[in-house]
Structures are given as C-alpha cells and as structure tokens.
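S.K.: Residues per chain, in single letters:
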Amino acid sequence: MTPAVRAEEVTYRRGQATLVDRVSLMAEPGDILGIVGPNGSGKTTLLRILAGDLIPSAGHAWIQRVDTSHATLQRLAELRAYLGPDGVAINPFSVRDVVTMGRHPHRRAMMEVGEHEAIVESAMERTDVIHLANREMDSLSTGEQQRAGLARVIAQETPVLLLDEPTSALDIGHQEMVMSVLRSLARGGTAIVAILHDLNLAAAHTDRLILLDQGAAAAVGTPAEVLTGERLSAVYRQPMQIMPHPHRNCPLVLTVDSDDHTA
Amino acid sequence: MILSGALLLTVIVGLLSGAVAVSPADLFHMLGRRLGVTDDPERLTDSVLWAIRLPRVLAGAIVGGGLGAAGAALQGTFRNHMADPHLVGISPAAGLGAVVGIAVTPVGGPPVIMMVGAAVAGAGAALIMRRIAGRVVESNQFILIGLALGLGMLAWLGAIVLAWDSPRVPTFTFWVFGGLAGSTWSTLGAGTPVVIAGLAIIAASARSLDLLALGETEARHLGVDVDRVITVILIGVGVVVGGAVGLGGAIGFVGLIVPLLLRRWIGPGHRWLIPVATLGGAVMVVAVDVLARTVASPVEIPVGLLTAILGAPVFIWFLLRVGRRRS
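So the protein lines, in turn, are chains A and B. Under this note's numbering, residues 14 to 276 are what the first sequence spells out, in order. Under this note's numbering, residues 12 to 338 are what the second sequence spells out, in order.
Any given hint could turn out to be false.
[Said to hold, decoys possible] According to the in silico footprint, chain A covers these stretches of chain B (three or more CB under 8 Å from chain A):
#, stretch
1, 229 to 241
2, 252 to 261
[What the hints assert, rightly or not] Residues of chain B clear of chain A, computed beta-carbon distances all greater than 12 Å:
#, residue
3, S34
4, L38
5, H92
6, G119
7, R142
8, V180
9, L223
10, A224
11, G226
12, L330
No lab work stands behind these hints, which were simulated from the structure alone. Using N, Cα and C, we set each Cβ at its ideal position, and we do this for glycine too.
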C-alpha cells in the first residue's frame with residue numbers, strides 16, 4: 014500500500030539555523046501520527062513541509078505519490094487539509110459559511126448542491142458546532158472557533174489531515190471529543206498527522222509518535238516506545254516519570270521534582 | 012431591489028435639481044425628443060438636461076458605484092475594514108497619473124489617455140500597498156502608511172498642477188475634493204469603460220475574496236493561488252479608482268462607509284456585497300452631488316467635501332466602536 018504521508022530525510026534551513034534536521038516519517042491510511050516536542054523543536058516547520066507550504070532544503074515529502082514540493086495548489090487541496098493553531102482567523106462569516114469554504118477544492122466535482130450541504134452539516138455535527146451554525150465566527154470563543162475550524166478541514170474530505178495543535182484551546186471534555194472524532198476519521202481511512210502539546214493526550218490517542226528535539230527526531234515509534242522517562246526528561250529539560258495508565262492501555266506521563274527523578 | 016429603486020429615484024432628483032428649474036414634464040419632453048417619440052420644438056431645458064445634467068448624474072453613479080465596489084474589494088483583500096481607496100493612497104496616486112496623462116496628451120486630444128494614466132497609477136499604488144501590507148502586522152500602521160503615501164502623492168500632484176497652471180488641467184480643488192461639474196459625454200465615454208472593466212475584474216473575484224477572509228494561508232490550503240488572486244483584484248481596484256478619479260476627482264469616504272454600512276445589512280459574502288456596494292455607492296454620490304449643487308446654490312460645493320463632512324464622523328464612530336470591542 015502507498016503510504017498516505019511520507020517524508021524522507023527532510024531538512025529545512027533558514028539562514029544559519031537548521032529548523033528541521035533529516036527527519037523521516039510515514040503514516041498509512043488509518044494512522045494517527047502525533048508530533049511532539051518542546052517549543053521551537055521544529056514541529057510546525059515539519060508539518061508545513063508535509064503540507065507543501067515550505068520546500069525542504071534537502072529530502073522529499075510525499076502525500077500518496079505526489080511530491081508536495083511540485084504539486085499545484087489545487088492538487089494539494091484535494092490531498093490534504095490543514096488546520097493552523099488559531100483554528101480560523103477572526104472573520105465575520107457564519108460557522109456554516111466557513112465550513113462550506115472547506116468544499117472549495119471540490120467545487121468542480123460532479124455533485125449536487127445538496128451533497129455538499131450534507132457533508133458540511135455532518136462535519137459540523139461531528140465537532141459539536143451544529144448549534145452554532147448560524148453564529149458569526151468572531152462572536153465565538155476560541156475553543157468554539159477551533160472546533161469550527163476542525164469542521165472545515167473535515168468537510169474538505171481529503172485523505173490526509175494535518176493539524177497544528179487542534180486541541181490547544183479546548184476544555185478537557187472537548188479535547189477527548191476531538192481525539193475520538195480523529196479516531197473515527199482514521200477508521201474511515203484518513204491519515205492524520207497532528208502536533209500535540211499534551212503528552213498524555215498523545216499517549217492515549219495516537220498510533221505512532223515522533224518526538225522532535227532541536228529539529229531532529231529523538232525517537233519514532235508507538236507511544237510506549239517513544240515516551241520513556243529518561244528520554245522525555247532529557248528532551249524537555251524537565252524531570253518526568255512514566256507510569257502505566259490505570260485504565261487505558263497506554264503510558265501516563267508525570268512531571269516530577271528534580272530530587273524525585275531517581276526515585 | 013430597494014437600492015435599485017433608490018438609485019432610480021436619486022437619478023431623477025439629480026436631473027431635476029440645479030440652478031435652472033426643471034419639471035418632471037420637461038424631463039419627459041427631453042426623453043420623448045431624444046427617443047424620437049415626439050417632434051415637439053426644443054426647449055431650453057432639453058439642452059440643460061441632455062448636455063449638462065444627464066452626463067453629470069451618470070458620472071456620479073459610475074464614480075460612486077466604482078468607489079463602493081473598490082472599497083468593498085480593498086477591505087476584503089487586506090482584511091481591514093478601514094481600507095479605502097482614498098485612505099490608502101490609491102485615489103491620490105490615480106490623480107497624479109491623470110495629470111501626467113493630461114500632460115502627455117496633445118492639445119485637443121482625447122480624455123482617454125488621462126483615464127489610462129489614472130488607472131495605471133491607481134493599480135501601481137494598490138500593488139505597492141500590497142507589498143507594504145506584507146511587511147506590517149498592525150492594521151493601523153498599514154492605514155497610516157497609506158495616508159502618508161497619499162499625502163505625498165497629493166503634494167506632487169499639487170506642485171505639478173499649481174506650477175503648470177494650465178487651463179487644460181482641472182484645479183487642485185478637483186484633485187483633492189472631487190467634483191462632477193465638469194462632466195461631459197466625452198469624459199463619460201472615456202471613463203465609463205475603464206470603471207466597468209475594473210468592476211468586472213472585481214466581481215469575478217468575489218468568491219476568492221470570501222476565501223481570503225479565512226486568512227491567506229488558509230485560502231492557499233484550499234487551493235487558491237493567493238498572490239495571483241490578490242494581484243488581479245488590486246489591479247481591478249486600481250483601474251476602477253483610476254476611472255472614477257478621472258471622472259470625478261478624488262471623492263473620499265464613499266469606498267469606506269458604503270461597504271461598512273451595507274456589510275451590517277447584507278452580511279460579509281462578497282458575491283452579494285460587491286454588487287450591493289456598487290449600487291449603494293452610486294446612490295450615495297448621486298444624492299450627495301444633488302446636495303453639493305443645491306445647499307449653497309448658485310455656488311457649488313465640491314462633492315468630495317460633502318462626502319468627507321458626512322463620512323468623517325461615521326469613520327470616527329467606527330474606529331471608536333472597534334476600539335471598545337477590543338478592550
């Protein structure tokens with residue numbers, strides 16, 4: 014099977030700085046791949062290379078068989094949807110209008126207007142913004158805007174979703190809700206690459222993780238493989254400990270004080 | 012619908028008001044003769060209506076329509092509701108281009124060269140402001156730079172007009188505060204196609220303007236070639252404003268307050284906003300021009316002075332409201 018997303022030894026330099034340093038990754042259809050790492054470790058730069066926004070200084074990135082450096086904007090819009098950290102910039106359009114804009118790449122598809130509308134409605138239902146459909150974006154809370162933004166990228170119906178901190182502004186209930194929406198999309202065959210700050214959210218809801226440290230991949234693998242106390246303590250410069258989650262079959266990440274570190 | 016009715020009404024009022032008294036019967040008389048329906052003898056009011064009033068009212072509608080649409084398109088492009096052809100320097104640049112166009116036109120030559128000069132300069136200023144918008148983060152800073160650009164252009168324009176002192180160039184007042192008194196069928200014939208060409212470009216970009224409201228990065232992720240689309244829209248805006256300035260001089264605040272008020276009424280979608288702002292701008296300028304001719308009759312007040320008298324308080328109110336929402 015062709016991987017949905019693949020990067021091979023991508024490097025991105027700006028001036029003297031190497032923001033992404035020979036990173037390779039892969040996600041199959043149905044995978045949720047989390048990108049974790051401290052601030053400034055190159056997570057967003059890596060995601061933007063995958064999206065085709067940035068052309069890597071070295072290496073290649075593909076979505077399906079398409080090299081993202083050479084694809085047209087229209088082709089990329091059919092292959093991947095991208096949600097930035099602020100969801101959707103403040104604008105006076107209604108939630109329904111904004112989610113409908115997600116259909117733009119498919120405006121020439123052989124579809125009835127009603128089919129587009131049904132996709133838009135179901136995307137709004139999935140992210141729990143259907144009751145806000147007629148509200149203006151700039152009248153919503155940040156978390157609501159973020160869920161509306163997620164509905165927009167779901168409505169784009171691409172085989173790959175690239176998400177930059179899709180849960181940053183959400184309360185804990187909506188964080189879990191969004192992760193389960195992502196899981197159900199993945200079951201439908203979508204490949205999802207998401208930057209996540211919350212390591213426990215990443216541990217519980219992703220299939221594979223890539224941990225970035227100063228642009229380079231410190232580890233790639235399942236959450237249990239990547240999230241070890243020693244590695245996290247070194248990368249985040251903060252003592253951390255791992256315990257088995259009491260109910261979920263995944264690691265639980267705890268921050269600890271320096272003197273507890275060896276305990 | 013309401014706006015189309017309002018436009019028709021203001022046009023009729025515009026034809027009937029002025030220094031020479033004209034009755035509705037005179038209007039029908041002129042129309043009847045022009046359309047060849049009647050062979051009644053010519054009256055004085057016929058030539059007043061045909062040679063003076065009608066081109067003036069039509070010029071007002073075209074200038075106003077152009078400015079309304081251009082304002083809506085600029086605000087969408089820069090995602091800044093303060094963007095206005097006048098405030099961001101496009102109108103003064105178009106005025107400068109028009110004067111240069113007049114200077115290179117042979118004596119007695121057609122006004123079309125002036126219109127082209129205005130359109131090219133207007134488009135150039137719009138594209139310069141695009142470069143500037145890419146470098147500044149603060150929307151207020153963007154507007155201030157536009158104001159500075161405009162004032163600089165205006166100073167050059169004033170220097171040329173005053174130093175040249177030729178009867179071929181409209182007065183400095185015209186380039187600062189506009190005026191429709193000089194409208195003839197000849198200037199109308201040169202300016203109208205320019206404005207309409209620009210309007211067609213803007214109208215064709217309405218859907219892209221909606222997508223730009225998401226943000227340039229987001230629009231690009233949806234497959235919009237943002238740089239190309241914005242360049243095309245800004246050329247359209249510059250051409251519209253060039254034609255409008257060539258016809259009516261620099262008339263401020265129309266492009267600012269017409270979209271501002273209509274957006275609250277019909278919503279932010281540009282497929283509606285652009286045509287409605289075109290109608291609204293036309294109504295506003297034709298109506299204000301009636302005031303300009305009548306409030307101090309027989310003296311005329313430049314139409315742009317009145318739009319500024321009406322528009323400045325609306326603009327200040329808007330800025331205060333935005334400030335309050337932010338805090």
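S.K.: Please check whether the beta-carbon of V180 of chain B is more than 12 Å away from every beta-carbon in chain A.
M.R.: Per Cβ check, V180 of chain B is outside 12 Å of chain A; nearest 42 Å; holds.
S.K.: Please verify the coverage claim for the stretch 252 to 261 of chain B: does it have three or more residues whose C-beta sits within 8 Å of some C-beta in chain A?
M.R.: violated (count 0)
S.K.: For L223 of chain B, which was marked as not at the interface, is the minimum beta-carbon distance to chain A over 12 Å?
M.R.: violated (9 Å)
S.K.: Classify the label on G226 of chain B as holds or violated, using whether its beta-carbon is more than 12 Å from each beta-carbon of chain A.
M.R.: Per Cβ check, G226 of chain B is inside 12 Å of chain A; nearest 4 Å; violated.
S.K.: Are 3 or more residues of the stretch 229 to 241 of chain B near chain A, judged by a Cβ distance of less than 8 Å?
M.R.: Holds, because 7 residues of the stretch 229 to 241 of chain B bring their Cβ atoms closer than 8 Å to Cβ atoms of chain A.
S.K.: Check the non-interface label on S34 of chain B: least C-beta distance to chain A beyond 12 Å or not.
M.R.: holds (46 Å)
S.K.: Minimum C-beta separation from G119 of chain B to chain A exceeding 12 Å: can you confirm that?
M.R.: holds (50 Å)
S.K.: Beyond 12 Å from every Cβ of chain A: is that where the Cβ of R142 of chain B lies?
M.R.: Fine: 21 Å to the nearest Cβ keeps R142 of chain B off the interface.
S.K.: May I ask you to check that L330 of chain B keeps its beta-carbon over 12 Å from the closest beta-carbon of chain A?
M.R.: Consistent with the label, L330 of chain B stays out of reach of chain A, its closest Cβ about 17 Å off (over 12 Å).
S.K.: Hey, is H92 of chain B genuinely clear of chain A, shortest beta carbon separation above 12 Å?
M.R.: violated (9 Å)
S.K.: Verify this label for me: A224 of chain B is non-interface relative to chain A, using a Cβ-Cβ cutoff of 12 Å.
M.R.: Violated: least Cβ distance 4 Å, not greater than 12 Å.
S.K.: Verify that the Cβ of L38 of chain B lies farther than 12 Å from every Cβ atom of chain A, and report whether the claim holds or is violated.
M.R.: holds (42 Å)
Hints 2, 5, 9, 10, 11 from the list above are not met by this structure, while the remaining hints are.
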